[in-house]
Amino acid sequence: MALSREQVAMRVAQELQDGYYVNLGIGIPTLVANFVPEGIEVMLQSENGLLGMGPYPTDDQVDADMINAGKETVTAATGAAIFNSADSFAMIRGGHVDLTVLGAFEVDQQGNIASWMIPKKLIKGMGGAMDLVAGAQNIIVTMTHASKHGDSKLLEACTLPLTGVNCVKKIVTDLAVLEVKDGAFHLLERAPGVSVDEIISKTAGKLIVNGDTPQMQFA
Amino acid sequence: MALSREQVAMRVAQELQDGYYVNLGIGIPTLVANFVPEGIEVMLQSENGLLGMGPYPTDDQVDADMINAGKETVTAATGAAIFNSADSFAMIRGGHVDLTVLGAFEVDQQGNIASWMIPKKLIKGMGGAMDLVAGAQNIIVTMTHASKHGDSKLLEACTLPLTGVNCVKKIVTDLAVLEVKDGAFHLLERAPGVSVDEIISKTAGKLIVNGDTPQMQFA
Amino acid sequence: MAGFDKVVTSYAEAMDGIKDGDTIIAGGFGLCGIPEGLINEIKRKKTKELTVVSNNCGVDDFGLGVLLHDRQIKKIIASYVGENALFEQQLLDGIIDVELTPQGTLAEKMRAGGAGIPGFYTATGYGTPVAEGKEVKEFDGRPYILEESITGEFAIIKAWKADRYGNLVFRHTAMNFNPMAATAGKITVAEVEEIVEPGELEPSQIHTPGIYVNRVIKGDFEKRIERVTTRK
Amino acid sequence: MAGFDKVVTSYAEAMDGIKDGDTIIAGGFGLCGIPEGLINEIKRKKTKELTVVSNNCGVDDFGLGVLLHDRQIKKIIASYVGENALFEQQLLDGIIDVELTPQGTLAEKMRAGGAGIPGFYTATGYGTPVAEGKEVKEFDGRPYILEESITGEFAIIKAWKADRYGNLVFRHTAMNFNPMAATAGKITVAEVEEIVEPGELEPSQIHTPGIYVNRVIKGDFEKRIERVTTRK
Numbered sequence: 001m002a003l004s005r006e007q008v009a010m011r012v013a014q015e016l017q018d019g020y021y022v023n024l025g026i027g028i029p030t031l032v033a034n035f036v037p038e039g040i041e042v043m044l045q046s047e048n049g050l051l052g053m054g055p056y057p058t059d060d061q062v063d064a065d066m067i068n069a070g071k072e073t074v075t076a077a078t079g080a081a082i083f084n085s086a087d088s089f090a091m092i093r094g095g096h097v098d099l100t101v102l103g104a105f106e107v108d109q110q111g112n113i114a115s116w117m118i119p120k121k122l123i124k125g126m127g128g129a130m131d132l133v134a135g136a137q138n139i140i141v142t143m144t145h146a147s148k149h150g151d152s153k154l155l156e157a158c159t160l161p162l163t164g165v166n167c168v169k170k171i172v173t174d175l176a177v178l179e180v181k182d183g184a185f186h187l188l189e190r191a192p193g194v195s196v197d198e199i200i201s202k203t204a205g206k207l208i209v210n211g212d213t214p215q216m217q218f219a
Numbered sequence: 001m002a003l004s005r006e007q008v009a010m011r012v013a014q015e016l017q018d019g020y021y022v023n024l025g026i027g028i029p030t031l032v033a034n035f036v037p038e039g040i041e042v043m044l045q046s047e048n049g050l051l052g053m054g055p056y057p058t059d060d061q062v063d064a065d066m067i068n069a070g071k072e073t074v075t076a077a078t079g080a081a082i083f084n085s086a087d088s089f090a091m092i093r094g095g096h097v098d099l100t101v102l103g104a105f106e107v108d109q110q111g112n113i114a115s116w117m118i119p120k121k122l123i124k125g126m127g128g129a130m131d132l133v134a135g136a137q138n139i140i141v142t143m144t145h146a147s148k149h150g151d152s153k154l155l156e157a158c159t160l161p162l163t164g165v166n167c168v169k170k171i172v173t174d175l176a177v178l179e180v181k182d183g184a185f186h187l188l189e190r191a192p193g194v195s196v197d198e199i200i201s202k203t204a205g206k207l208i209v210n211g212d213t214p215q216m217q218f219a
Numbered sequence: 001m002a003g004f005d006k007v008v009t010s011y012a013e014a015m016d017g018i019k020d021g022d023t024i025i026a027g028g029f030g031l032c033g034i035p036e037g038l039i040n041e042i043k044r045k046k047t048k049e050l051t052v053v054s055n056n057c058g059v060d061d062f063g064l065g066v067l068l069h070d071r072q073i074k075k076i077i078a079s080y081v082g083e084n085a086l087f088e089q090q091l092l093d094g095i096i097d098v099e100l101t102p103q104g105t106l107a108e109k110m111r112a113g114g115a116g117i118p119g120f121y122t123a124t125g126y127g128t129p130v131a132e133g134k135e136v137k138e139f140d141g142r143p144y145i146l147e148e149s150i151t152g153e154f155a156i157i158k159a160w161k162a163d164r165y166g167n168l169v170f171r172h173t174a175m176n177f178n179p180m181a182a183t184a185g186k187i188t189v190a191e192v193e194e195i196v197e198p199g200e201l202e203p204s205q206i207h208t209p210g211i212y213v214n215r216v217i218k219g220d221f222e223k224r225i226e227r228v229t230t231r232k
Numbered sequence: 001m002a003g004f005d006k007v008v009t010s011y012a013e014a015m016d017g018i019k020d021g022d023t024i025i026a027g028g029f030g031l032c033g034i035p036e037g038l039i040n041e042i043k044r045k046k047t048k049e050l051t052v053v054s055n056n057c058g059v060d061d062f063g064l065g066v067l068l069h070d071r072q073i074k075k076i077i078a079s080y081v082g083e084n085a086l087f088e089q090q091l092l093d094g095i096i097d098v099e100l101t102p103q104g105t106l107a108e109k110m111r112a113g114g115a116g117i118p119g120f121y122t123a124t125g126y127g128t129p130v131a132e133g134k135e136v137k138e139f140d141g142r143p144y145i146l147e148e149s150i151t152g153e154f155a156i157i158k159a160w161k162a163d164r165y166g167n168l169v170f171r172h173t174a175m176n177f178n179p180m181a182a183t184a185g186k187i188t189v190a191e192v193e194e195i196v197e198p199g200e201l202e203p204s205q206i207h208t209p210g211i212y213v214n215r216v217i218k219g220d221f222e223k224r225i226e227r228v229t230t231r232k
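Residue numbers (the working numbering), protein chains in the order written: chain Y, 1 to 219; chain S, 1 to 219; chain R, 1 to 232; chain U, 1 to 232.
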């Protein structure tokens, strides 16, 4: 069965390592923070200028001057640092963030990602997404494997305007975990109860399946 | 009679305006700070990262962590700001310093300056001089008009490796005040008791003398 | 130090000299750390044909969004404009032009403008619509695009504390784009919560040295929050 | 947070992994704000063929100058090397190579290295020997030269206070090149005067966020002064 949003976040959280500096995008990526494995500590970077993002504030902690990149009120964790936007993106562009998790409309087998614009619909802007995908050492994309209409989001070539090229290394969808390399998607894991055939049928790009595909493990 | 070092500094100080941010080089330029005219306040920028340089410390104020660009111990004036070297040169390169005063080996009629290197003698390095001459809105060069051997330092074209091109606007020597524009030195003032003929004889580059040349005035 | 006293007492003085067609660099991220009173003064003056450089364009009735009602903005250079329905309408109607710029590139373009760096190379946006028409150069085998700096006739920013010399300190994440914007204006105006005497701010803890700031005004801030998000 | 505790207790650990031929980015201006103990550890380890990137090269018997005695430095990228007679001799003898770089360009090259900006344009040095072999480009009618970023295997810096996560605060003008150097090392080691617990440093007053710092060691500094200059 397809994973819930929370389960996708739980699976992504398994990729975290102790001491990682991580940038989590809006949506499912934000949920990853709730599932950091036992014994592991990560520091969250928010691109508006905060390293060491803490939990949401309690009602009496709310401060208009303390927000995250999603414009939500947040707190600073113990040992946090706050800096300006140029310094924040120097950190991102310079490859100092260990892992970036973000959503996407489409990913293709070259590791290209489209996540910011659907022509003829409203153009909201790319925010920090282009900087993040260009700068991160390691990018995990989370999204549903296919659209509501059943159209695959894992393509031979993205059809929407790109956010970045040759940058996505790993994808966690509601159906599978895949690696992107050598111009193909490589199936690593499948969601519990989801068949390899279903994944094949919902992957439009080149998909490499190597022998048995283990199911994702959730502790 | 040729001006003393102090008199050159006094004459340069007449160029200061209230509210100026000023960078003073090593040597005579440093002395300018001693002759800031009554009723005028300037703030001194030291390119190692200090805006608002104060006087030298008293013996008990000496602090190894508080130095100027000449590596001398200094103090911070009230209202000073301290920042890193990249930010300091952003300030300089971005043209935010109102006036830079520095010494030179040679200046030519195109406003080129040579101040950092004498081939076959020791190469010490340019330090911040190239950044200063490229970034300042207004540059005054102070130097003796001619070398000890009588060789003019105001040339048709500099003979030494350049520090910057087309940047010097004004020169205050021990003999004269000159403006550099349209490919020539324009004589503005002469030192008290110094004849125009002496200045002409000691200026190798193209010199424009327009009518009577007033003597410098010292209050 | 009369020459260094940057404090003005009216918004009219604060924005004196702004004219139709000017480029305004504005600090702020969303509605956080924005110069509320300076924006309202521009609205009051009805200055037109403005090019606004800011990460966002406020919301319909707050922040830079208030300049849309009288069509004061001709063009905006921003990274994200998705919070504003009126903006969307003016974009569709061709009243306003938008140059979408990646957030980090935008911050760096402002910094570069203030720092005398006319252009820099970044991998951000390579291979995307952002790269169209821009020079591409390889360094160590990776392609980068050339981005040019931004400066403006005015920069309007919001700080927490200022001293009379214009030295500024920002509070928490209300810092955001304000320090870079401060460097990129020919005239930089800072609206602040508190004005202190020179010497009260620790020199090495000043975020923006006074050399960048031409005018300081004490503001009175609503500080609207876009998304109040709390836990139990 | 075990994963974020950057504190090491020996200089051997602090400089573990340095090897012959490495590029070392060093903070400091003259003898002010230099990582004295880390430099001495490199001397002790006798690492050779180093490329050192630093504004200066110390004096004969202090700072980076101590690495000259055993000819550990192959090349130095600096803006001013005039305080060091041994350096001069090795330069004349062809033992050491020097790449003189304007001070502001050097600071910006380090910052760019840390910020993922492979190159930037500056007017500094145009028309001088510094521009030789460099690409020239005009912006708004003025010529600028292309300067490339610098990174190194190690950055060695000196700070005042650090917390265990590697967040750093610098003291007075001992800040200088240290913050930029911190961003430009694959491994960045900070030698500091005092180690405090996370939370003791005010977040918005941290000069160098811990993300740039891999190791922190408490040092014991002589803090030699080059030119003690006093008034009555």
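Derived by calculation from the structure, the hints in this document are not laboratory data.
This structure is a prediction, so every number in the text was calculated from the model and none was measured.
By construction, the Cβ of each residue, glycine as well, lies at the ideal position given by its N, Cα and C atoms.
Heads up, some of the hints might be wrong.
Taking lysine-lysine pairs in the BS3-like style, the calculated list, with each CA pair at most 27 Å apart, reads [stated by the list, open to error]:
| no. | chain 1 | residue 1 | chain 2 | residue 2 |
| --- | --- | --- | --- | --- |
| 1 | U | Lys134 | R | Lys134 |
| 2 | Y | Lys120 | R | Lys75 |
| 3 | U | Lys161 | U | Lys137 |
| 4 | R | Lys46 | R | Lys19 |
| 5 | U | Lys46 | U | Lys74 |
| 6 | R | Lys43 | R | Lys232 |
| 7 | Y | Lys181 | R | Lys137 |
| 8 | U | Lys75 | S | Lys124 |
Only part of the chain U face toward chain S is listed, based on derived beta-carbon distances under 7 Å [unchecked claim]:
| no. | residue |
| --- | --- |
| 9 | Thr9 |
| 10 | Lys75 |
| 11 | Val81 |
| 12 | Gly82 |
| 13 | Thr124 |
| 14 | Arg142 |
| 15 | His172 |
| 16 | Phe177 |
| 17 | Pro179 |
| 18 | Lys223 |
| 19 | Thr230 |
| 20 | Arg231 |
Hint check results:
For the suggested pair Lys134/U and Lys134/R, the alpha carbons sit about 20 Å apart, so the restraint of at most 27 Å is met. For the hint pairing Lys120/Y with Lys75/R, the CA-to-CA distance comes to about 20 Å; that is within 27 Å, so the pair holds. With a C-alpha separation of about 42 Å, the suggested pair Lys161/U and Lys137/U falls outside the 27 Å cut-off, and the hint is violated. Distance check on the hinted pair: Lys46/R and Lys19/R sit about 9 Å apart at the alpha-carbon level, within 27 Å; holds.
Of the supplied pair hints, the one linking Lys46/U and Lys74/U holds, its CA atoms being roughly 13 Å apart against a limit of 27 Å. Between Lys43/R and Lys232/R the alpha-carbon distance is near 40 Å, which puts this suggested pair outside the 27 Å criterion. Taking the CA atoms of Lys181/Y and Lys137/R, the gap is near 25 Å; set against the 27 Å cutoff, the hint holds. For the hint linking Lys75/U to Lys124/S, the alpha-carbon distance of about 15 Å falls within 27 Å, and the restraint holds.
Residue-level restraint check for Thr9/U is violated (minimum Cβ-Cβ distance to chain S is 25 Å; threshold 7 Å). With a cut of 7 Å, the hint placing Lys75/U at the interface with chain S is violated, because the nearest CB-to-CB distance is about 14 Å. Of the supplied interface hints, the one on Val81/U holds, with its beta-carbon coming within about 5 Å of a beta-carbon of chain S, less than 7 Å. The restraint placing Gly82/U at the interface with chain S holds, with a minimum CB-CB distance near 3 Å, inside the 7 Å limit.
Annotation: interface hint on Thr124/U holds; nearest CB of chain S at approximately 4 Å, less than 7 Å. Annotation: interface hint on Arg142/U violated; nearest CB of chain S at approximately 10 Å, more than 7 Å. Checking His172/U against chain S: minimum C-beta separation of about 4 Å stays under 7 Å; hint holds. At its closest, the beta carbon of Phe177/U sits 5 Å from a beta carbon of chain S; the interface hint therefore holds under the 7 Å criterion.
Residue-level restraint check for Pro179/U holds (minimum Cβ-Cβ distance to chain S is 4 Å; threshold 7 Å). A least Cβ separation of about 4 Å between Lys223/U and chain S falls short of the 7 Å threshold, and the interface hint therefore holds. Because the smallest distance between the Cβ of Thr230/U and any Cβ of chain S comes to about 5 Å, under 7 Å, the interface hint for this residue holds. The beta carbon of Arg231/U is positioned within 7 Å of a beta carbon in chain S (closest approach about 4 Å), and the interface hint is therefore held.
Hint compliance for this structure: hints 3, 6, 9, 10 and 14 are not met, and every other hint is.
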